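Colleague: Here is how the chains run, residue by residue.
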Amino acid sequence: MSAVLQMTDVSRVHGSGATEVHALRAVSFAVRPGELVAVMGPSGSGKSTLLTLAGGLDAPTRGVVEVEGVDLAGLGNAGRARMRRTSIGYVFQDFNLIPALTAAENVALPGELDGVGAKVARAAARKALDEVGIGDLWDRFPDNMSGGQQQRVAIARAIVGERRLILADEPTGALDTETGEEILRLLRARCDAGAAGVLVTHEARHAAWADRVVFLRDGVVVDETGSDRADVLLDSGSPR
Amino acid sequence: MRWLRSWRLPLRLARREAARARGRSVLVLVMIALPVLAVTAADVVIQTAQVSAAEGLDRRLGSADALITYQPGSGQVFQDVDPTVSTSNGTGDTEQVLPELAEVEQAVGPGTTGISWDQGSVGVETAKGVSDTEVSELDLRDPLSDGIFDVTSGRPAAATDEIVINHELADRGFDLGDELTVRGGATYTVVGIGDGTSYHGYPMAVGLPGSLGLAEKRYQASFLVGGGAVSWDQVRELNAEGALVLSRAVVLDPPPRSEIPDEVKAFESGTDSAMVAVIVLIVVMALIEVVLLAGPAFAVGARRQSRALALMAATGGTPRQARRVVLANGVVLGGIGAILGVLVGLVVAWLSLPIVQHFSDERLGPFDVPWPHLLGIAAFGLLSALLAAVVPAWIASRQDVVAVLAGRRGDRRPSLRSPLLGLVLLGVGIAGAVLGASGRGEFFIAGAAIAAVLGMILLVPVVLVAVARLARRFPLTLRYAVRDAARHRSRTVPAVAAVAATVAGVVALGIGVTSDEAENEGTYVASLPMGTGVVTDAFAEGEQWDTLRAATLRGLPEATVTPMQGVAEGGDEEKTSYYVEVLVPGSDDSEEDTRLLEYSSSVFGSSVLVGDELPSALDLPASARGPAAATLRSGGAVVFTDRGVESERIEVVAHRYDPDATDEKVTRVTVPALVVPVADGRSAPVAVVTTATAERVGVPVGTMGLAVTGAGVSEQQESDAQEALAGIDENATLYVERGYQTDDETVIVQLVLGALGAVLMLGGTLTATFLALSDARADLATLSAVGAAPRTRRGVAAAYALVVGMVGAALGAAVGLIPGIAVSYPLTRGYEPGAAAHYLDIPWLLIVGLVVVLPLLTALVVGLSARSRLPLVARLD
Amino acid sequence: MSVKQALLALLEEGPRYGYQLRAQFEHRTGATWPLNVGQVYTTLTRLERDGLVEGAGADAEGHVVYRITEAGRDEVAAWFTTPVSRTQPPRDELAIKLALAVTVPGVDVGRVIQQQRSATMTALQDYTRLKRRAAAGQEREDLAWSLVLDSLVFAAEAEIRWLDHCEARLRRAELERPETLLEEILADEAEAQAHR
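Chains as they are written, first to last, in numbering that gives the first Met the number 0: chain X, 0 to 239; chain H, 0 to 876; chain E, 0 to 195.
A few of these clues could be false.
With a straight-line Cα cutoff of 25 Å, these simulated DMTMM-like cross-link-like pairs (lysine to aspartate or glutamate) come out [claimed, not checked]: (1) E/K96 to X/E223; (2) E/K96 to X/D222; (3) E/K96 to E/E173; (4) X/K126 to X/E161; (5) H/K664 to H/E694; (6) E/K96 to E/E12.
Just so you know, these hints were derived from the structure itself, not from any lab. All values reported here derive from a predicted model rather than from experimental measurement.
Isolated chain X (complex conformation):
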């Protein structure tokens, strides 16, 4: 199956001359449908840069970023914005929601920005909120929701409209472990249902939810675990 996200030899240099910073150096990276890939690394390792490049919020200095087979560089700003409305969903660590919009309106945002009628967008939003288990909170404002609920709304916004690529930047960072796991479970479920996900985190516990873990150091992929193997550490006859 072809990759939803394909990054080939991507480099990103900030600044120039004495202040030149290599955020990413020739990184190649692919995420297939149904796959959740975690990107791990200390701060400054380039993991967030990788995510902004994948979502077309930033452009690589060198290399190619393709989403669903389309080269983002060839799209222009408007085209990349359209990709984010229809194909790519973002989830950030916190303050994910626009405080002046209700949960449903936040989720309907991509649709409304895309010019879909408010009614249609709202219906899709309600469905997405149901999917993340907070359908009854649709008319709440973010101020009146817990951190976990807000993050669920963010997930709903990232998946609404059947988007194929979900980019999550430390989505559990501001949450306690229990609530964090709920969020990861939602992400995981979405990927199991066929979406491709990239999860940037510095916590191994969260990265473990992924199918693959990529380790970044100073903008370079230093290691990668592929766990296509079955349960290794435990006996195969382990209880269910």
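Dock chains H and E against chain X, hints included.
Modeller: For chains H and E alone, kept in the frame of chain X given last:
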């Protein structure tokens, strides 16, 4: 449809944002609504006060169909729809007998009935004296007059010895049933009291036709007619007979403009281009000011929304959509502000009508709401809010999404282009000012001023950064304020620019006003030697002068009062009248203009003084006094010129008109003369001649005035003497030369300018300061966490106010000098060629007040009130 | 390993025979620490000797059933109320291996760390997968199993964090003094153990 839909989300966001950030919203609403309110209220009051022709019909016509007015000798007349605009070719017979009612009824057409309505004025004897009273001879019982005069108590006059008066006249001591006597006329019984519907504020009375004796001295005859609409064609026919017609039907349904006679159209004032230029200038400046004052609030709002905008970008929003979200704030707040301003303005106008009525003689019309105007005013409010949101919107759409999402500030570095454009605009402003000063006129300078102010606005960021560079040595609070101001340019720049624009305007106008004043002072010509006075009375004769002299001496016992002799000119139809010219010999035949004085209006009551001694009150250079006295002694004449005329002799020409002769009689006498050049002869007499010369030309000589010399006259003494003189003859006046006196109006204008500048400056400074404080809450929290006293907060607030106020004022004063100095050239350019060319007076006190004192004062006030205001600050997010 | 106390705790719920005890133990701890039946019977014999359990006859199928005594109950209660001792760090092969790798010349320490981290990460992923399955169950036993998994998850995570830390310090040390590292790493390890 799609375009509308694309605004739905931004508008929803803006609405919610406005409700969330209540303090900031209120701030913007006030900025937008206040000017809208003021202009709306003013417009409604003006429109209400102006009684349009249609509105005023009942007041002027009662229930009649037309008011027809004949004036003798007017011949064919031409009129507009409303006959207040009319012309006459004046070929009619002045002896023409005014028509009687029956003739008028016949002239209008069959079936017409009418009543006459003569108007005039009489003196009514009151307890205190005589009251001038406007009187009408009109039968108020006739239904045709309904609506012209409201009788509120009593009844209309039913007999020729009955009269109806208005409340103003009743207030002078009349009540129902009282006797009322007209000076030199009959006595009437007051049977009714009421009010005229058109005017109030002075005494009026209405009696039956013929009862007040107006017919004998009437100069026109008016008739109210009813019985059918009077058409435009009928109006034209009546015009041909010399009658002006106010027809209800024509006013309510006017004929096309093409039907209006050309003779009248000539009066139509085309839209004055200069007026338009002034209005455009005022609107543009007001717009700039409002935009700059409201700008910081939008800038802060956009910054608060930057995370939301970045999230929108991450979910696929385009920069255009981000821009729309910020602009929508302007649409929402501007729309609410404009509507609010208009509504409150209407209420204010309605509430202020009684006050306006109190100061106006004319009765106000029905409450008149000029909706098209109000629409324009509201549009102005909306536009100003939109423009105030444009720059923040543009900055917001360019923000670095990745940086904002990572929690950093996403401001892009300011481009170099805008300061460069600013320099260019400033250059254009200076060049325009120079061109305007060298003869292109005020409007050129005004345009240049706008360019200079816009250029200055673009340069404000550079100045702020430069000031921040100097901040190293400042104390902590000031250093923080300066650096913070430079860092948050989107919020500081408009505030500083608002202050600067205000100060620039005030300084420019201030220079104009004081330079104008300097010119007035510089070109002032004393009529008399300093400290001397003169008593004149155009109608006093013979012994009356002795009484006047005695009165003057009573008021000014230490003064020497000498009668001044002069040629008595004028006279009336029954008497012989004289007119004296003083000429260079032989000049009446020459084509050349050899008048001695450009313009003469002697303060002495006569243009030719007569005396064998030089009158002491004459303002002569000391060096000329000796020769002048000598010339008079030798029988010559002393003449004055401000036109550089030189001559050894002059000719005195007397024109004598006898009432029974048909032509004038001219006598000429030539005498040796001393021509005294004066700078400005506006108040000088033309000549002083000897008694002998006056006798030779055969003109009567009499006392023309009293010279008051030999004593300093205080202002109190002057007014006492003035009162004493008025007690004898109301025409007598005393004038004392005191040199140049500053016009009260100039002082008021300067005060108003200063106050307006101060208010706007305060507005700009306070907005910026409190927005900055609310923005700086995190920093202030850090400061207090490391142990800063609450005093530090006040210090920061005061320092912020100082930075905004002083930088703005200094910049504004510098920029204001350009148009200010430029405008002093056309303003003070003399009318006469060769007059002193240019006066320039820079009001340094005003400038120092604006640049130094006011910012310090503002800072002090802000500093003192900062703590108690902190809750307010907390709401301003 | 407190197999003794664990069996006593299971017996507190009611009399059981050896095989039942083994099944229960493995069910509750998710077969993380497998027991063989021999070990169970040896332990039961020892408990009977100490008077903590007593025989309760045999069931219909002939299994010997054990029952807890009063003394046994006291022992279980004491076990639950006493914290697990941290005074003696268990011997940690990984820490020792890394300490030696740093000091023995010719070993690529970075590679050692990387390999270990990959392995631990893989294990962590497996635990997480198991946890996802366990979380689906509603039984109290599922929760018990899930908590045991969490213990393993946190331990593995701590190990990865420690490895990351080692890697960062090694990098820094390469720029400074490479000799004194051994002691520091061991000290850090001791500290990490204490916190675990």
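Colleague: Out of the numbered hints, which ones does the structure contradict?
Modeller: 6
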